[in-house]
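Asks: Mind docking chain B with the ligands on chain A? Use the hints.
Next come the chains, spelled out residue by residue.
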Amino acid sequence: MTDLAVPPVLRLDDMSVSYRIRGRAVPVLSQVNLSIAKGEVYGLVGESGSGKSTVALAVQRVLPANGRLSGGRALINGRDVGALDRAALLQMRAREVAMVFQDPGRALNPSITIGRQVAEAFEILGASGHEARRRAEEMLTRVRISSPARVMERYPHQLSGGMQQRVVIAMALAKDPSLLILDEPTTGLDATIEAEILDLVDTLRREFGASILFISHNLGAIAGLCDRVGVLYAGRLVEEGPVRDLFAEPRHPYTAGLLRCLPRPGLRKDLAPLDTIPGFPPAPGSITAGCVFAPRCALADETCRTIDPPLVATGAGRVSRCHHHDRVADLPHAEPRAAAGTLAPAGTGAGTPVLELTALSKTYGSAPYAVQALRDVSLRLMPGETLGLVGESGSGKSTLAHALLGLIAPDAGGGMALDGAALAPEVRRRTAEQIKTLQIVFQNPDSALNRSHSVRRLIGRAITRLGGLSGAKREAQVTRLLESVRLTARQLSARPRQLSGGMKQRVAVARAFAGNPRLVVCDEPTSALDVSVQAAILNLLAELQAERQVAYLLISHDLGVVRYLSDWIAVLYLGRLLEVGPAARVLDGPHHPYTEALLSAAPSVSGERTGRIRLTGAIPSGVSPPAGCLFHTRCPRRIGPICDTEEPPFTADAHGHAIRCHLPRGELGRSPAPSMA
Amino acid sequence: MSGALGPFLLKRLALSLLTLWLLSVVVFFGCQVLPGDPARAILGPLADPRAVAALNEKLGSDRPPVEIYLSWMGGLITGDMGQSYAYRSPVAPFIGSALVNSLKLAATVFAIVVPLGIGAGVLAALRAGRPIDRLISVAGLSLTVIPEFVSSIALILVFAVLLRWLPLSATWPAGSGPLVQLQHLILPALPLVIVLFGYIARMTRAGMVEALSADYTRTAILKGLPWRTVLSRHVLRNALLPTITVIAAQMGYALGGLVVVESLFRYQGIGSLVLGAARAKDFAMLQAGILTVGAFFVVTTLLADIVTTLLDPRLRTGGRR
Ligand SMILES: Nc1ncnc2c1ncn2[C@@H]1O[C@H](COP(=O)(O)OP(=O)(O)OP(=O)(O)O)[C@@H](O)[C@H]1O
Ligand code: SF4
Ligand code: SF4
Ligand SMILES: [Mg+2]
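Listed in order, the protein sequences are those of chains A and B. The numbering of the first sequence is the UniProt record's numbering, which starts it at 1 and goes up by one. The numbering of the second sequence is the UniProt record's numbering, which starts it at 1 and goes up by one.
The following block holds chain A by itself, in its conformation from the complex:
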């Protein structure tokens, strides 16, 4: 146990914060208590708007101008932050606390070189200009930036997102802080880059011995990194405990709900819908009596609605703010699908595929700087099936989607066919029928929806354009679509800014379905959404698919999402298909060494990251791809010279499972636990 004489690095004592909105003080944090011991990693989870960032800002006294600490205190190393004078506050910021934000691109000053910005952090500590630069370079090396001297001369916009975040972490670690606050440090980064950053934090934590407050809505990331976790809901800490125990056996309905929303191994669209948390988080300050979670809680009773539950101990080091914490395991699950399992995983498929790509290639630029974004990709997708497309950023996923949608023209020689008919590369040469047949749902519904139009107009126009309906028929169709995406008539007159992220994505889905499409490209459809909202959208996509036999081309970096929705999985690397096959076979193995690495990088809530396969080296440049097997520069299983000189054949087995690797199938990796129940 910790030495009692040493105060915790961070302690929140009944901390409350309010924001002044239109002249009214709205409470966003109510009496939050927590403490982080020396060397401990504490995770704070909660949905968007629950107040996680507010905690981080309040602790350092950098609340926005309209924010105010309305009660309680925050103590850092035993000293009350609110009581520090200006000089002491600067000292605290310069030496004790460091923070890393979500968006590294915006956290760096665009007009100052990286070297200057990192050196600055050392100068505050008294290093001379030259010394500061030397130490800055050293620090960049420690956050695993290769050729730091060159990076020092660069400006933020010249670095990739992952590099930028490393720079921000380097600046934070410059002061060797006793408390490091990470606010969603990997949101918006690629899956493999996310895994790298999490690894980095994990190593640095041991090297530097800092205590960490790790804020995230990603339960997997928290499980892999943290010792203890606190769950924040509507500005209240509703549950807290050691991370393994708490995730294995949640004692608050909200925590249980969050965990159940995740598309975990064993769940598949045809077996059961994902659990969701009904309703929405309350607006700050709107619930004044009883439990804040009561409106969304399946266990809520009269007591819950009248008496605010206190934090009660529920086990070793665990507390929960719930009257019925002993009944959480009784929470009902979503009903399994009536026809569970009848929708058998796809076979090799007879009949006409809805989509067929033959030898599709795409080259950007011209020699000697030509980048091959797609190499000879051949795929087929049957009606009513989902093909999950995975691969790191730059692997060609978006290029493939864009070629399908007619936004870019693929190289001559390849072919695209929709429902058996050739699909012209340019949109204007496609038939109206083809345009109707092929639709898209984007990652960010905000950029896809016209902000000044109402929901009725947004959906109505799509119906006119794609379905050719007007008048009363059109109105009827709007209502029908609205129902099928589980929105109500109340939302018809709303404009996008009045809708939550999940509702906006529903509108986007409704639009894509306006013309009864046969194939919908889903480009990271849920990565901008909270887990509970994600679950609802995934359920929606699965139901629409079963109802209408629509096929999906699903692009996602979240393997949980891919696993839940996909019948087929294709793995892209440098524009080349390394593996294609029925989802279960690709996931369970034997699979390609690259697939194996991707799968092991995915964080899971059970917190086991021991089997993680680290890919060393950067993704090779598309301008000068490696000879032989494209993956040989990073392959942990490389056999020998044959991998460097000879490209492996791409042969399929009887199930249509093809792997591009010289290793015999028997020697290829398998998942430790089968992915499907």
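Worth flagging that the hints you see were computed from the coordinates, not collected in a lab. Note that the Cβ used here is the ideal one computed from N, Cα and C, for glycine as well. Do not rely on the hints blindly, as some may be mistaken.
The following label-pair restraints were derived from C-beta to C-beta distances [what the hints assert, rightly or not]:
1) B:L126 to A:G126: 22 to 32 Å
2) A:G126 to B:P147: 54 to 64 Å
3) A:G129 to B:L126: 21 to 31 Å
4) B:R164 to A:I21: 50 to 60 Å
5) A:R495 to B:P147: 34 to 44 Å
6) B:T144 to A:Q31: 45 to 55 Å
Stretch-level coverage of chain B by chain A, calculated; a stretch enters the list once three of its residues show a Cβ under 8 Å from a Cβ in chain A [to be verified]:
7) 216-224
8) 234-247
Replies: Showing chain B with the ligands alone in chain A's frame:
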């Protein structure tokens, strides 16, 4: 590093030259079309037609317009701006001295308005929402809409006639030193200062407010940097970038305002020169004057582009995003 800068500037330069050429065509043919014939304009309505014809021939103005244009352009390129009918001497020296005078006036305007406008904008942003912010915003807005001639007259009445602090005439006695010149320049500069002040203050304020709430500013604060360092190193630089572009672009427009002010204050600048030439139908002078103003405008715009490019690394280094 400057990989993207070269081609960019070349393109801008080519565009500027094209603009100037178009202007020359418009100015030239505008002058050709408007009045009857130059010699008649010079000699007056009562002159002997034979004298008019003789002068026209001497001036070459009986040739086809395109030919005249070409020889005019040829002259311009070799530095010969032609002969003034009114003064019966080469145009170039007049243009030169008028331009120098105008530049002096413009320099005075900017020397006053830039620090004032930026200072006010920064102050307003730092005190956003407080009374001083509102005062600066309201003052800036209302001053911008006062026409130069109104403010000029008011200023003359107050400072030159009532208080007698500043000389009424903008023209200093020949051989005056820089200080005396400056004294004469302040009064004519003020009307333009008034017009430009609000504009610059508003731009500065907007840039500041954005930079102050930017994430990188929060990063700087959380590094533990003193507030003054945060401001000078992280906020101001990013905040003033758009402002500097605006100021450079405003220099060209300020020259337009000079025409009004110069004629009100009887100041021998390029504005009054052009106005005088137009009245006297002194075409060579008029064409050269307008072209000079155009060239000045084009050059300042080009400078504005260069300055912005140099200050913004995203443009300078041709970023990936
Ligand atoms: N400056 C502000 N003025 C008014 N309300 C604010 C302000 N900043 C945040 N809020 C509100 O306070 C609540 C908590 O916000 P906070 O940013 O702390 O949430 P979060 O958990 O970090 O969310 P996210 O996951 O989206 O980052 C939200 O309801 C938010 O809308
Ligand atoms: S107190 Fe009641 S409403 Fe609140 S979480 Fe527990 S069971 Fe649900
Ligand atoms: S062919 Fe060789 S290098 Fe390529 S994936 Fe297989 S083992 Fe690795
Ligand atoms: Mg946040």
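Asks: Per the hint of 22 to 32 Å, is the separation of the Cβ atoms of B:L126 and A:G126 within bounds?
Replies: holds (29 Å)
Asks: Check the following: the C-beta atoms of A:G126 and B:P147 are separated by a distance inside 54 to 64 Å.
Replies: With a Cβ separation near 57 Å, A:G126 and B:P147 satisfy 54 to 64 Å, so the hint holds.
Asks: May I ask you to test the hint 45 to 55 Å on the CB atoms belonging to B:T144 and A:Q31?
Replies: holds (51 Å)
Asks: Three or more residues of the stretch 216-224 of chain B near chain A by CB distance under 8 Å?
Replies: Since three or more residues must qualify, the claim that chain A covers the stretch 216-224 of chain B holds, with 8 doing so at under 8 Å.
Asks: Examine the stretch 234-247 of chain B: at least three residues should have C-beta closer than 8 Å to a C-beta of chain A.
Replies: That given contact holds, which follows from 4 residues of the stretch 234-247 of chain B lying within Cβ reach (below 8 Å) of chain A.
Asks: The hint says 34 to 44 Å between A:R495 and B:P147; measuring C-beta to C-beta, is that right?
Replies: holds (42 Å)
Asks: Honestly, do B:R164 and A:I21 meet the 50 to 60 Å range at C-beta?
Replies: Hint holds: Cβ distance 56 Å, inside 50 to 60 Å.
Asks: Does 21 to 31 Å hold as the CB distance between A:G129 and B:L126, or does it fail?
Replies: Once the Cβ atoms are compared, 29 Å apart, the range 21 to 31 Å for B:L126 and A:G129 holds.
The structure agrees with every numbered hint stated previously.
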